[in-house]
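Knowing the structure of chain V, use the given hints to seat chain A on it.
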Amino acid sequence: MTVTALFTAISVVLSVLESFLPTFAVLPPGAKPGLSNIIVMFSALSLGVPQTVFIILTKSFFAFLMRGAVAGLMSLAGGILSGICMLFVFRKLKIIGCVGAGVLSALCHNTGQLLVSFLTVGTWAVFGYAPVLLIVSVVTGVITGTLLKASIPYFKGLEKHFSKEMEK
Amino acid sequence: MKKLFTRADLIIAAVALLSGLALLCFKPSGEGETAIIRVDGKEYKRIDLQSTENFEITVNGVVIACENKEIYVKSSTCPDKICVGAGHLTKSGQSAVCVPNRVSVEISGKGEGTPWAVTG
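Chains as they are written, first to last, in my numbering: chain V, 1 to 168; chain A, 1001 to 1120.
Just chain V, with the same shape it has in the complex (with noise of 0.2 Å):
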């Protein structure tokens, strides 16, 4: 319970930080790094099943409130395939590593946000984006991907220390 929240609310900050961040010099309108997604992958590499879940529900209840409606259904949309997909990658597909899980999770981010955006908008038109998107996420992937690998000690560490305080 403790470590889910404590996950849900790093990975919260992250995304509210990241959108008060103006946009990216180097990326494109829209496009954001995803920093939030790391939180995500870890869950899904460690925590579990429904503790991934939560963290998907809340991050996109909070681009909700903070974004409206909209951006809550692409936040929620893209949670759910890219943390069906993250779940996927890090329990049966060993030889995928961070980066590509990283690349995947963006990918999958992306296209839930386009499908949402091709129903809200009601043309075929809103995949002209596609292209970008699909470059924009190798880069942000390398990065989120990149982080992960790079903080896994630090998670592990935070989730040990957390439990252990639950059990005294």
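Hint data in this document are derived by calculation from the structure and do not stem from the laboratory. Just so you know, even glycine gets a beta-carbon here, dropped at the ideal spot from N, CA and C. One or more of the hints may lead you astray.
[What the hints assert, rightly or not] With a straight-line cut-off of 30 Å between C-alpha atoms, the simulated BS3-like cross-links for lysine-lysine are: (1) V:Lys32 x V:Lys156; (2) A:Lys1045 x A:Lys1003; (3) V:Lys92 x A:Lys1003; (4) A:Lys1091 x A:Lys1069; (5) V:Lys94 x V:Lys156; (6) A:Lys1003 x V:Lys164; (7) V:Lys94 x A:Lys1003; (8) A:Lys1027 x A:Lys1091; (9) V:Lys94 x A:Lys1002; (10) A:Lys1002 x V:Lys92; (11) V:Lys92 x V:Lys164; (12) V:Lys164 x A:Lys1002; (13) A:Lys1069 x A:Lys1081; (14) A:Lys1091 x A:Lys1074; (15) A:Lys1002 x V:Lys32; (16) V:Lys160 x V:Lys94; (17) V:Lys156 x V:Lys92; (18) A:Lys1003 x A:Lys1069; (19) A:Lys1091 x A:Lys1045; (20) A:Lys1069 x A:Lys1042; (21) A:Lys1002 x V:Lys160; (22) A:Lys1027 x A:Lys1003; (23) A:Lys1027 x V:Lys32; (24) V:Lys94 x V:Lys32; (25) A:Lys1003 x V:Lys32; (26) A:Lys1045 x A:Lys1081; (27) A:Lys1027 x A:Lys1045; (28) V:Lys94 x V:Lys164; (29) V:Lys32 x A:Lys1081; (30) V:Lys156 x A:Lys1081; (31) A:Lys1081 x A:Lys1027; (32) V:Lys160 x A:Lys1003; (33) V:Lys32 x A:Lys1074; (34) A:Lys1091 x A:Lys1081; (35) A:Lys1074 x A:Lys1042; (36) A:Lys1002 x V:Lys156.
[To be verified] Okay, the calculated beta carbon distance ranges per label pair: (37) V:Leu93 x A:Phe1026: 24 to 32 Å; (38) V:Ile84 x A:Asp1040: 49 to 57 Å; (39) A:Ser1075 x V:Gly48: 41 to 49 Å; (40) A:Glu1067 x V:Ala9: 37 to 45 Å.
Relative to the frame of chain V, chain A by itself:
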């Protein structure tokens, strides 16, 4: 423990990157004839680009302007301005979409009715 980087990762990244680049190179070239403005997925206005006068209209906070047979999104209330970034539309198949305001502008060519259309 998960490795940082594997051969499978390289393949995933390369496929995504290359398909993105390939799709970007695929540019619409046909002369645009009609501009269709859609709001909430429904057709709102259809403009014949060859015969239209210059104009400016505002729908859902999106200002769409037409100058010299080119249509473009001049400004929008949305945060990301991807629609404005789409620039001037002239070729068949080009489009500018504003997801937060649910407005889109698409160009269709001669003869083709509304190739990109779906009823929302």
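What are the numbers of the hints that this structure violates, sorted from low to high? 2, 18, 22, 30, 38 and 40
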